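Trainee: If you want the building blocks of each chain, they are given just below.
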Amino acid sequence: MIATATTTEDPASRTVPHVPKQESTCPNRDGGAPRIFRVGVVDVSVESDVPGIVSQYAELYHEFEIRTSPQCVRIAVRCERSRYHLTKRFSVYGDGERRFSLRRIEEIVPHVEWAVNWQIVKTLRPYLQFHAGVMKKNGLGFMFPASPGSGKTTLCAGLIAHGWSYLSDEFALIGEDGRLHPYPKALCVKEGAFDVVSHLRLPSLSPYRYKKGSKGRVAYLSPSKIGRSCIGDACQLGYVIFPTYVKGADPSLEQMSRGEAAFLLTKYAFNLERFGSHGMQLLTGAIRNAQCYRLTSGEIQATCRLMNDLVNGNAG
Amino acid sequence: METEIAVINDETMPVRREDLMCHVVDDEALIYDAERNATHRLNCTAHFIWEQCDGTQTCESIVRSIAGRWEGVPAEVKEDVLAAMRQMASHGLIGLSR
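From first to last, the protein sequence lines are chains B and H.
All residue numbers for the first sequence refer to our numbering, where the first residue is 22 and numbers rise by one.
All residue numbers for the second sequence refer to our numbering, where the first residue is 28 and numbers rise by one.
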C-alpha cells in the first residue's frame with residue numbers, strides 16, 4: 022500500500038488556554054518581594070497582593086527556591102476591581118500581560134500554574150515543546166504524549182511510586198542537544214483521580230483543593246515533597262509511549278514505527294512552527310533510537326507493572 | 028488543507044515542491060511544510076514516488092521505475108501510484124505539469 026498521511030498542529034489539543042490576549046499591563050505596585058523558584062530549566066518569580074497565594078505556591082516548590090535569576094517567567098497576582106461591575110476580581114499576569122481574571126480565590130493557584138505554562142510556550146525558546154508527561158528510568162527518558170484527560174498525571178504519579186524519576190507531567194522539552202530536559206512542575210491531580218493517587222505510596226496531596234476552570238477541582242502533588250532524589254535530570258529519549266486510559270482495561274502495549282510516532286508527536290507540539298524544519302530535525306534526531314508504543318492503560322498498579330516489564334524486557 | 032488538482036494521467040510530469048524538507052525515519056519519511064505548518068508522513072513507496080517527482084519524468088516512467096525497483100509489483104500498481112500522486116498534489120507536496 023502506498024500510504025500518505027498529513028497533520029497540522031491542532032490548537033484544540035493544547036492545554037494552554039485560549040483566552041483572548043489582553044493588552045493591559047501589570048501595575049507596578051509595591052508589595053512583598055517576588056519569590057523565585059527554579060523548576061528544572063524554568064525559573065519562575067511569583068508575587069501577589071492577595072494574602073496566602075505566594076506561600077501556597079511556595080509550599081509546592083520550596084525546595085526549588087533561589088535568590089535571583091537572570092531570566093525568569095514573572096507571575097503577578099493582583100486584587101482589582103472590575104471596571105464595569107465594580108466587583109472584586111483576581112488578575113493573574115504573566116510577564117506583565119493579564120492572562121486571567123478570576124472571581125474566586127481558590128481559582129488563583131491553578132491559574133498561576135496555567136500562566137506559567139503559557140509563558141513557557143511563549144518564551145522558552147531554546148526547547149522544542151510537546152504536551153507530554155516525561156519520566157526517566159535506567160537513564161532513559163520516557164515521553165507520554167497525550168491530550169488532556171488521558172491520564173498522564175496519574176500515570177506519572179504511579180511511576181514515581183514505582184521508583185521512576187519525574188521530569189514533568191505536562192511538558193516534554195527537547196533541547197538543542199537532542200535530550201529531554203526537566204520541568205518538574207507540581208503534578209496537577211483532578212478530582213476523579215484523588216482516590217487513585219492517594220492510594221499510591223506517595224506524599225499526600227496538597228491540603229488545598231482548587232478550582233481549575235472546566236477541569237473542575239484539582240489538588241497538587243508537590244515535587245518538593247516527592248523529594249529531589251525523585252526528580253530526573255536531562256536524558257536521552259528512550260521511549261515514546263502514547264497512552265490512552267480505558268477504564269477496566271487490561272493494560273497493553275502495541276509497538277509502532279518511529280516514523281508514525283514522530284508524525285503523531287507533531288500533533289502534540291506546542292511550538293514546532295517556531296522551529297520550522299529545524300524542529301523536525303531535532304524531533305527525528307531525538308527519536309532515532311527510541312522505542313515507540315501505544316499504551317492502553319487501565320488500573321494504575323497494573324499499568325505501572327507493565328511499564329516496569331517493558332523496561333526489564335519482559336513486556337509482550 | 029487540500030487543494031483542487033488538475034487531471035493526472037500518464038503524460039503528467041509531477042514536480043515536488045522544493046521548499047519542503049524531508050526527514051527520513053527508518054523506512055518512512057516526514058515531509059515538513061513550513062508554509063502550512065503541516066507534516067506529511069510517507070511510507071517508503073510513497074517516499075520513493077515523491078523523490079522521483081523531479082519535473083523531468085512522466086507518471087508513466089515513474090510507474091516503470093517502481094516496477095524496476097521492487098519485484099513482483101502487480102499490474103494495478105499504476106492506479107495506486109496515480110492515486111498517491113493525486114493525494115500528494117492535493118496536499119501541496121507536488122505540482123503537476125504536462
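Source of the hints: derived by calculation from the structure; they are not laboratory data.
This structure is a prediction, so every number in the text was calculated from the model and none was measured.
Every residue gets a Cβ at the ideal spot worked out from N, C-alpha and C, and that includes glycine.
There's no promise every hint is true.
Listed below are several chain H residues computed to face chain B (Cβ distance under 7 Å; list not exhaustive) [said to hold, decoys possible]:
no., residue
1, Cys49
2, His50
3, Asp53
4, Thr66
Sample of chain H residues with no beta-carbon within 12 Å of chain B, all distances over it, derived [what the hints assert, rightly or not]:
no., residue
5, Asp37
6, Met40
7, Asp54
8, Asp60
9, Ala61
10, His67
11, Ala73
12, His74
13, Gln84
14, Arg91
15, Leu123
Computed footprint of chain H on chain B; a stretch qualifies when at least three of its residues, placed anywhere within it, have a C-beta under 8 Å from a C-beta of chain H [what the hints assert, rightly or not]:
no., segment
16, 208 to 216
17, 270 to 280
18, 321 to 335
Trainee: Look at each hint and say if it fits the structure.
Mentor: To see whether the hints hold, each was checked on the structure:
The criterion of a C-beta within 7 Å of any C-beta in chain B is not met by Cys49 of chain H, whose closest approach is roughly 9 Å, and the hint is violated. The closest approach between the C-beta of His50 of chain H and any C-beta of chain B is roughly 4 Å, which is under the 7 Å cut-off, so the hint is satisfied. Satisfaction of the interface hint for Asp53 of chain H is found here, the shortest Cβ-Cβ separation to chain B being roughly 5 Å, below the 7 Å cut-off. Nearest Cβ of chain B to the Cβ of Thr66 of chain H: about 4 Å, under the 7 Å cut. The hint holds.
Residue-level check passed: Asp37 of chain H sits 17 Å from the nearest beta carbon of chain B, beyond 12 Å. Taking the minimum C-beta to C-beta distance to chain B, about 19 Å, the non-interface status of Met40 of chain H holds against the 12 Å cut. The claim that Asp54 of chain H lies off the interface is violated: its Cβ sits roughly 8 Å from the closest Cβ of chain B, which falls inside the 12 Å cut-off. A Cβ of chain B approaches the Cβ of Asp60 of chain H within 12 Å, the least distance being about 9 Å, so the stated non-interface status is violated.
Its closest Cβ contact with chain B, about 5 Å, brings Ala61 of chain H to no more than 12 Å, contrary to its assignment away from the interface. Its beta-carbon lying about 5 Å from the closest one in chain B, His67 of chain H breaks the requirement of being farther than 12 Å from that chain. At roughly 5 Å from the closest C-beta of chain B, the C-beta of Ala73 of chain H falls inside 12 Å, breaking its exclusion from the interface. Listed as a non-interface residue, His74 of chain H fails to keep its Cβ farther than 12 Å from every Cβ of chain B; the least gap is roughly 9 Å.
The Cβ of Gln84 of chain H lies farther than 12 Å from every Cβ of chain B, with a closest approach of about 17 Å, so its non-interface assignment holds. Chain B leaves Arg91 of chain H outside its interface by the beta-carbon criterion, the shortest separation being 16 Å against a cut-off of 12 Å. The beta carbon of Leu123 of chain H is kept farther than 12 Å from every beta carbon of chain B, the shortest such distance being approximately 16 Å. A stretch counts as covered by a chain when three or more of its residues have a beta carbon under 8 Å from one of that chain; for the segment 208 to 216 of chain B and chain H the count is 0, and the coverage is violated.
For the segment 270 to 280 of chain B, the stated coverage by chain H holds: 3 residues have a C-beta nearer than 8 Å to a C-beta of that chain, and at least 3 were required. Given as covered by chain H, the segment 321 to 335 of chain B fails the check, having 0 residues with a CB less than 8 Å from a CB of that chain where 3 are the minimum.
In terms of the numbered hints stated before, the structure departs from hints 1, 7, 8, 9, 10, 11, 12, 16, 18, listed from lowest to highest.
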